[in-house]
Amino acid sequence: MASITFSELKGTSTRFWFLAGLIGLFAALGLGSAYYMEHHGHIVTGMNNSIVWGMPHVFAVFLIVAASGALNAASIASVFGKMAYKPLAPLSGLLAIALLAGGLTVLMLDLGRPDRLIIAMTYLNPKSVFAWNVLLYTGFFTFVAVYLWTMMDKTKVTYTKEAGMAAFIWRLVLTTGTGSIFGFLVAREPYSTALLAPMFIIMSFAYGMALYLLVLIAAYTGSGRPLGDAILQRLGRLLGVFVAAALYFVFVYHLTNLYFTKQHAVEKFILLDGGIYTTMFWLGQIIIGGVLPLIILLNAKLRASRTLLVAACLMIVVGGLAQMYVTIIGGQAFPLDIFPGWQESSSFFDGVTHHYAPSLPETLLGLGGLAIALLIVTLGVKVLRFLPASLADADVDPHKKA
Amino acid sequence: MSQPQNTENQSAQAVDEHRRNFIGTSAALATLTIAPGVMVYGLAHSKPADEPVSNKVRWGMLIDSSKCADGCTDCVTACFTENGISLPSTPPKETDSQWIRKVELKDMRTSRTQSLPVMCQHCEEPPCVDVCPTGASFKRADGIVLVDRHICIGCRYCMMACPYKARSFVHETLTDQNPDVPRGKGCVESCTMCVQRVDQGLNPACADACTKAGHQAILFGDLNDPNSEIAKRIASKATVQLRADLALNPGIRYEGF
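In order, the protein sequence lines correspond to chains A and B.
Using this note's numbering, the first residue of the first sequence is number 1, and each one after it goes up by one.
Using this note's numbering, the first residue of the second sequence is number 1, and each one after it goes up by one.
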């Protein structure tokens with residue numbers, strides 16, 4: 001195997017600066033929206049006392065979950081010793097840090113009192129899964145940063161495997177924590193299940209890998225560096241397996257709920273008559289985010305087309321956002337059953353499907369988080385040596401036949 | 001015979017008047033003397049401001065839905081007035097703060113209707129306290145669940161966790177607040193069981209309003225004191241905890257439905 005040379009992107013073209021400017025504009029719009037929301041209060045969002053988490057949380061949780069999955073390529077290289085993935089590892093680490101930073105920015109700026117961030121970091125309730133997550137996020141940044149250091153500093157290369165293993169274990173713990181934010185909510189029928197933690201892990205594999213492939217293809221196509229088909233084929237096939245596994249978890253989750261009579265009402269709401277949530281589930285999460293990408297990714301001929309591969313990845317991202325919308329907002333729209341067996345009504349909207357219409361500022365804040373993540377990656381690959389000069393098949397895979 | 005009798009009666013009347021005046025003046029003087037003492041005694045029974053609350057007491061309420069009048073919202077009005085909350089807009093908005101609300105119930109099988117107030121249930125094992133990342137949601141030793149407005153970051157995780165939809169988020173800038181009840185934009189809030197009144201030995205505003213309206217559907221008291229009326233009634237009658245399946249042991253109990 002030829003030694004892999006990593007180098008910065010030149011990034012001097014108009015196209016590069018246009019792209020960076022466009023992403024920067026979205027990041028600025030997101031920050032501006034957060035200021036607007038902070039100034040006027042959450043009254044300018046679609047969130048209310050019934051739907052307390054809205055569009056910012058859809059984006060934030062998606063980005064945090066995807067951050068863990070973005071580390072796939074690096075984990076496969078360092079933990080499972082697959083040489084072909086080694087050149088892909090630094091970008092994988094950078095994207096993981098960037099996505100987590102983007103997601104956390106959104107989560108933080110949506111707080112009712114973002115000015116009290118220091119309190120969130122210094123007053124920790126040991127029983128709160130949210131407080132655990134504060135430690136998990138910090139740990140993830142640290143482990144991945146150290147891991148990147150061992151990869152990029154040639155004098156520290158001997159520690160890469162250990163650092164990679166630590167980051168791998170931590171990402172699993174991290175996503176267990178993210179899934180448990182919902183899994184530990186005892187009072188709400190759609191949540192309160194241990195299945196959410198492993199389901200979030202498998203979904204993170206798919207979302208993170210899809211975003212990774214999109215960034216990889218965009219960077220190499222944009223910079224004109226060679227990118228071989230073989231590596232894309234491998235990543236694409238693996239992504240297909242992740243999407244199938246995620247669908248399996250969704251199937252088991254709903255099958256179990258459908259078996260429990262007490263869960264029939266909430267299942268009927270999500271699967272049959274929940275309006276936007278039913279549409280988002282079937283069209284967004286299952287068809288666009290699951291079935292269609294699966295058809296492309298599990299068929300060698302179809303995924304050989306880069307256009308179709310990119311389409312599959314984009315569909316997984318859209319499906320992932322739809323899944324978060326159904327899980328987070330659909331889960332709250334279904335009313336709490338405080339008096340089982342009774343029909344409830346009140347001035348506080350007991351017993352009715354809760355209304356939520358996302359406003360522009362909160363949507364821009366969510367998109368701003370994605371933009372911040374992409375901006376970190378764009379500037380990262382410009383100033384540091386994250387990308388191999390060539391990912392041509394012959395340079396990457398020693399066993400590749402000429 | 002009749003004349004002397006009349007004279008006797010007259011003199012007896014005169015003596016009576018004198019005694020009456022004397023007793024009246026004495027009673028007034030005694031009231032003036034004793035009243036502050038009685039007040040001090042009352043205050044002595046309430047908790048001094050510098051004394052920590054004790055877990056010997058567990059404050060709770062028993063709500064009798066059979067006495068709760070349909071259409072009466074005196075408890076809600078009293079709560080909102082006491083705590084400086086604007087009454088819900090008409091039609092109500094999902095962003096309005098509501099610390100207490102009247103819930104109308106209809107039995108799905110028999111169509112029997114009921115009406116009762118629902119507020120923070122002041123759980124012994126409150127899920128809002130469990131999930132709060134900063135510890136802003138907390139339970140006092142006497143069982144009252146509160147939000148520390150100084151360290152609430154407004155993440156709303158407690159609202160996700162509460163099984164009773166008891167909490168509200170302040171969505172916009174507030175004006176005309178009650179100085180005893182600090183509230184603030186960007187923080188979560190809920191029924192405090194009128195902690196500012198309870199600490200002075202008074203009943204929560206909702207309970208007093210219900211009594212004043214003649215319904216007496218809300219009984220406030222110490223669940224830990226076997227001699228309190230609330231403890232006696234809970235010991236002798238079938239009462240219900242909302243979402244008892246969650247084993248949170250709320251301090252608010254219901255009867256009559």
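No lab work stands behind these hints: they were computed from the structure.
All values derive from a computational prediction rather than experimental measurement.
All residues carry an ideal CB built from backbone N, CA and C; glycine is no exception.
Honestly, I wouldn't trust all of these hints.
Here's a subset of chain A near chain B, in silico, CB distances under 10 Å, partners left out [as the list claims (entries may be wrong)]:
| no. | residue |
| --- | --- |
| 1 | E38 |
| 2 | T45 |
| 3 | N48 |
| 4 | V52 |
| 5 | W53 |
| 6 | R113 |
| 7 | Y123 |
| 8 | G139 |
| 9 | F141 |
| 10 | F182 |
| 11 | R188 |
| 12 | P226 |
| 13 | Y253 |
Derived DSS-like pairs: lysine-lysine, alpha-carbon spacing no greater than 27 Å straight-line [said to hold, decoys possible]:
| no. | chain 1 | residue 1 | chain 2 | residue 2 |
| --- | --- | --- | --- | --- |
| 14 | A | K156 | A | K82 |
| 15 | A | K127 | B | K212 |
| 16 | B | K212 | B | K67 |
| 17 | B | K185 | B | K106 |
| 18 | A | K161 | A | K86 |
| 19 | B | K106 | B | K237 |
| 20 | B | K106 | B | K93 |
| 21 | B | K106 | B | K67 |
| 22 | A | K268 | B | K139 |
| 23 | A | K127 | B | K237 |
| 24 | A | K86 | A | K301 |
| 25 | A | K262 | B | K106 |
Going through the hints against the structure:
no. : hint              : result
1   : E38               : holds (8 Å)
2   : T45               : holds (8 Å)
3   : N48               : holds (4 Å)
4   : V52               : holds (4 Å)
5   : W53               : holds (6 Å)
6   : R113              : holds (4 Å)
7   : Y123              : holds (4 Å)
8   : G139              : violated (16 Å)
9   : F141              : violated (18 Å)
10  : F182              : holds (8 Å)
11  : R188              : holds (7 Å)
12  : P226              : violated (46 Å)
13  : Y253              : violated (19 Å)
14  : K156(A) / K82(A)  : holds (20 Å)
15  : K127(A) / K212(B) : violated (42 Å)
16  : K212(B) / K67(B)  : holds (13 Å)
17  : K185(B) / K106(B) : violated (35 Å)
18  : K161(A) / K86(A)  : holds (11 Å)
19  : K106(B) / K237(B) : holds (23 Å)
20  : K106(B) / K93(B)  : holds (23 Å)
21  : K106(B) / K67(B)  : holds (16 Å)
22  : K268(A) / K139(B) : violated (37 Å)
23  : K127(A) / K237(B) : violated (36 Å)
24  : K86(A) / K301(A)  : holds (26 Å)
25  : K262(A) / K106(B) : holds (19 Å)
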